[in-house]
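Modelling step: build the complete structure from the supplied sequences, incorporating the hints.
Which chain is which? The protein sequence lines are A, B, C and D, in order.
For what it's worth, our numbering labels the leading residue of the first sequence as 4, then goes sequentially.
For what it's worth, our numbering labels the leading residue of the second sequence as 729, then goes sequentially.
For what it's worth, our numbering labels the leading residue of the third sequence as 4, then goes sequentially.
For what it's worth, our numbering labels the leading residue of the fourth sequence as 131, then goes sequentially.
Heads up, some of the hints might be wrong.
As the list claims (entries may be wrong) - Partial list, computed: chain A residues near chain D (C-beta under 7 Å):
(1) V167
(2) S265
(3) V309
(4) L311
Don't read these hints as lab results, they were simulated from the structure.
Each residue gets a CB set at the ideal place from its N, CA and C atoms; glycine is no exception.
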Amino acid sequence: MSAVPPRTLAVRVLIGLVLAFVAVYVGYKAADDPRTFVVVGLNGLTLAGLYFVVASGFTLIFGLMRVVNMAHGSLYMLAGFFALELQKNLTGGEATSAFGTSKAGIGDWIIPLVVACLAVGLIGLVMQQVFLRWNQGQELRQALITIAISIIIADQVLANFGGVAENLAAPSSFPETVSLRLYDISYPFFRIFVLLVAIAVGLALWAMIKRTRFGMIVRAGVDDRQMVSALGINIQLVFASAFLIGAFLAGLGGVLGGTMISVNKGNDTTYLLFSLIVVIIGGMGSLAGAAIGALALGLVDAFGDVYLPAGYTNYSVLLIFALLVLVLAVRPLGLFGRPA
Amino acid sequence: MTRSPHLVERALWWGPGIVVVLVLAAAPLLFTDFYLSAVLTKALWLGLAAVSLTFLAGYVGMVSLGQVALYGIAGFTMANLVEADGGSAIAWNPWLGTLAGILVCTGVGLLFGAIASRSYGIYFLMITLAFGVIVYLFFAQVTQLSGFGGVNNVDRPDIVSNPVSDPANLFYIALGTAAAVYVLLRYLGRTPFGLALQGVRDDPSRMRALGFNVPLLRMLAFGLGALVAAFAGILSVWWNTRISPGSIDLPRTLDVLIIAVIGGLYRLEGAWVGAIVFTVLDNWTRGIDIVGGRFNTVIGVVFLAIVLLSPGGLMGIWQSITDFVGRRFAGTGSSPPEAAEESAHPS
Amino acid sequence: MSIAATEPESAEPILRLRGVGRRFGGVLAVHDVDLDVMPGERRALLGPNGAGKTTLFNVISGEFPPTAGRVELFGRDVTTMPARRRAKLGLTRTFQTSRLFLGLTVEDNLYLAVIGVRGGHLRPVRLSGRDGPIRERARDLAQRVGLERQLGTLVGSLSHGEQRQLEVGMARAGDPKIMMLDEPAAGLSRGERVALTELLLGLDRDITLILIEHDMDVALGVAERVTMMHDGRVIVEGTPAEIRGNQLVHDLYLGSHHAHA
Amino acid sequence: MRDGSDGGRFRLWAFLTVLAFLVAGIAAGCGGDDGDDEGGVTATTTGTDAEATGEPLRIGIFSNNEGAFAPFEGQTWGGAMLPLIERGATPASDDPTDGVENAVIAGRPIEIVYGGSDSTPDSAVEEARRLVEQENVEILLGPLSGSEGIAVANYSKEQPGVTFVNGISGAQDTTLKVRSENFFRFHSDGTQWTAGLGDYAYNELGWRNVVTIGDDYDFPYSQIAGFVAEFCAIGGNVTERLWPPLGEEDYSSFITQIPEDVDGFFMGVGGTGTVAFVNQYGQLRGNLADKIMGGIFMTDPVILEELGDQVVGVVTAGMTAGDSEEPAYLEYAEGLGNAYADLEGTASSVFAYGYYTAMEAIAQALEEVEGDLSDDHAAFREALANMELDAPLGTITLDENRQAIMDNFLQQIVEDQTGDGVPDVQTIKTIPQVDQTFAGFFSPETPSPDRTNPACEEAEPPPWTVQGGGG
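Structure below.
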């Protein structure tokens, strides 16, 4: 093994010190009020679950095709609005999202979920087939194309979906809260549900990438793009499927997030930004990286809002920036990134 | 024997340029105060913001979405240091504030460039986008510096006069700045530094192998882009007389990208061509019920069409026309392909 | 600029590798390579695709550091030295596919190659006093590789052969002590190969030459010693004659090579 | 990737199209400069009305057609059009933003010029400039959101020849600090809207320790400032003020921070976050009705429909009373629903009501001066400044900063009685004639409301509180 250059060593020591400080500080706060610590930790974990579902689609598309889909957040937002409209139609406007008053049957949530995800997956597929397929390898041009599409989608959503920010109603058969044995906490069930879905999505993607031929090609794509191109005509089918799955995951995130948080016109830029940060931290194209990145972002976001010293909690967004700079300073390609 | 097509091509290339210069020089006589200010002056400073991107993209192959954030840093720094409503209560001389704004912006550009310049292509694009959004959030959150309502009635040097009632001064200042930046960037392209940047654009690892310090070159280029963006930021605050986080939010970031792409990412002139198209379209479509009724959809479609049809933007199309006409005049079609702009795509 | 002072005596190798390895993720691209190249030597690296030749080149030129072992240039340990500083020491290289500045003219490409070694990269003004000699040198180089008539042409519109010529011209710009060429003859026509071989044979003997080459005629015509790689390791080293006669080489490489032809 | 000749031709066409766009645009730009008779979306100069003899008067109206508040554009325009419709104009279509036809006030035909911004101050000023300097409007009605109002009020100082009337932007500084001579606001600001809440919390609910939570920008600052001023003046204690960052959607970590042992909290979250906040609170903490006081948005008809039964019992305050039985109010509400079917039931929205009172004030002042603005608006402004506007929900007068003094309504959300499935609003108290200073608490010299201002301290109680001698 070659020796570590002294500069890198200094940076590593510095980062170690920062992390140690953060750990001690959070530990001190946790000991002070363990109940809050657990709840905030769960807030962060469940948020991370949502981020992971969205970002995994983003990183999958990038890993295989080197396409940065800047319309990923727009797909997220579209799915939320599609599901919301459909749910209103199904329930005749009865299913208010309000706490304790959901009148939505299980189908009133599942059907919008499936339809919205498929619709958005299809939009992603059309996007890829109509605009991106002919520009393969021109990464910047593809990014610009998706930016243009995101601008158009945002404007059309504004024109066609009126009203204020709303929530999708969770099925009334879901419990509102679950009781934890710990500190007598009752915690929103749906947030836990999102976390479970995220874990399931992660395992499914992992199995797909490790066990299937499709996954083999995706893995090859992350390591060596030329090899993928050399695999023959089938590759167009693989690209199309990847885009479909990626967009589908954005849609899934949109419906989950729309139920857990809200369906909102600003969702597109917010979740594009979160996806970018997650994959920049984790490394583009890496599933494990997306998981780590989502965890880092979710936890920093949740704890920053609460644990910064009084008067400074408004600056928690800057912690995310610090995190980003820290990672990039040490690993320009992200924690799990590999050179293209 | 191929002299005549060259002459025609040159005439097509320089003719409109000369007309533009003449029209601009006499603009206060030709246009109303409102048009001079809200369309032309705005196009000049937006063009400066866009040219900082065009320079990075065309000369160094760095497509940055952080230029709006950078001009925001210059604008906010100045607005906070001089007399104004909101922000910190310092009341420096406006020139001093301006200088400080430019220096701080360039400094941040260099620092950020040091981090981001190790990333290339779309990685760089994404990192600068994240940077841009976080700068926006910073100013939205640190209310000591701005607050959501921003800094109003920012003091200006006397020479700027009142941009509403007496817009000619600011117009000429913006025109002079734009012209100076354009000429200097053109000149820079032929200097060792400029050539080295273009080498980095075309092949960074080859440049390393030749003995160049590529990260340093990219960092300096980013700093230079920040300097140009700082001019745009200062001018925008003088023009608006205010700055708020909303002045540098994501839609504004995309506006500058759209302007640069519509004009042509790989030619400096394109920045201002795109800016004038943008401001004219914007002003024209406001208050008019266009089909579908929405400016952003229109501009999004135009943007998409340009990216799909002509990666060189309007300047690229103009180049194709001059080439085409030139070939017609030559009568053979044997003139060599203009590879400069096409092959310069850093993809 | 002279390296002579740091060179103990000519018997010392100008390039020495000891136990060099490079790992990418789970793949070992180069493993435990020892190599000594003497000053003025002409050395060819042979081996089938994926043998690790280009990775070894990248480690030597400093594109990335080795994950194991040690690299010495001109008697100095340069294992972690960045590429640009090795270039200043007098190491120059070309790349497998043409790596030129396609958006610049021939003259500007050569100009960059010259200032790469001479410095002044950051000068943002044009000074005729300082640029004149560099431009002169660039034009001189163009002439030496037969491109004097294409000085103002954009490199993107040169023919493939002309681009390879320019590669060599740029590699020579800094008066290198070691020149590493990665498949200089790839994609050239027969006539162009002959011209290239002559160009290489005509190089000053002060320049140490290391080349990766698939074309046996070029490789064995130019090289004095040949190092054969396979699966990331050096398997044979010898004169061209020894290599031709080696059964292992025959099985691994020449056989398949002829089968292709 | 070089294009073939087909691609080249395609590009040429694309270029020519864009060129045509451009030429047309520049032509329109120049044309708009010199022609008074061009550019309005809703020209009403056909002059079918016999009385319409004077020069057309151009009034610019702008609200938000982009950004977070864009969904409320229809309500603002409906409110603004209603006074014209009441005076004989007819809606151009069922979309209020299309304007009206045959509008006449005091014998002068009215041309409405359309404008729209995106809730950022920059865009508001750009739009105001276009309407004033290019479209040559004489009166400008707008804008919608808080930060926009401050910027436009500042700009109005540059244009002394034009009269500005605020739309519904509710920041305190707009009139209290900027004090532009030709800028008028005919509705109460975000601070005034909370009058009565602190008193109710302290004296009726017995709250002593309260936490406030609001999105981190000026409109919530103004709202929470009013609550803090009143509640603390009579002896209450605000223990913590939480400010989720602008654009935050996941409020869970902030809800977690609200101590379980406080008596209650005041919620000043903005229009886009209210539904998400309330639902997330329900999930994390259970029923909130006995713990919360809401800002203006909780009783907004559109938002209330989303919130549903979980907010029954919550007390809020604001300048509209949806349960009012006053004939004037019923007439106004019916008129709005008749003119625009989509706006049925939104009469109590502050967006509709704010733009309505503004346009009604303009119309009455114009009638008083018989449509004559030739004295540089002097008489017209005099009429505005001294007006006692007999609005549907009570009289509105202006103070010396041209800021409305008007009634405020303390309201409780109650179970649905009308059978439309949406909870109803019941007025429990009317606080008469609240002024911007809160009976002297705020002045041009007090710091602008922000995260920490005003400080929580005892003071002279406002007159409408129990301690101040009120109800």
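Status of each hint after checking the structure:
1. V167: For A/V167, the interface hint holds, since the closest Cβ of chain D sits about 6 Å away, which is under 7 Å.
2. S265: With Cβ-Cβ at 4 Å, under 7 Å, it holds.
3. V309: holds, 5 Å
4. L311: Constraint on A/L311 not satisfied, violated at 11 Å.
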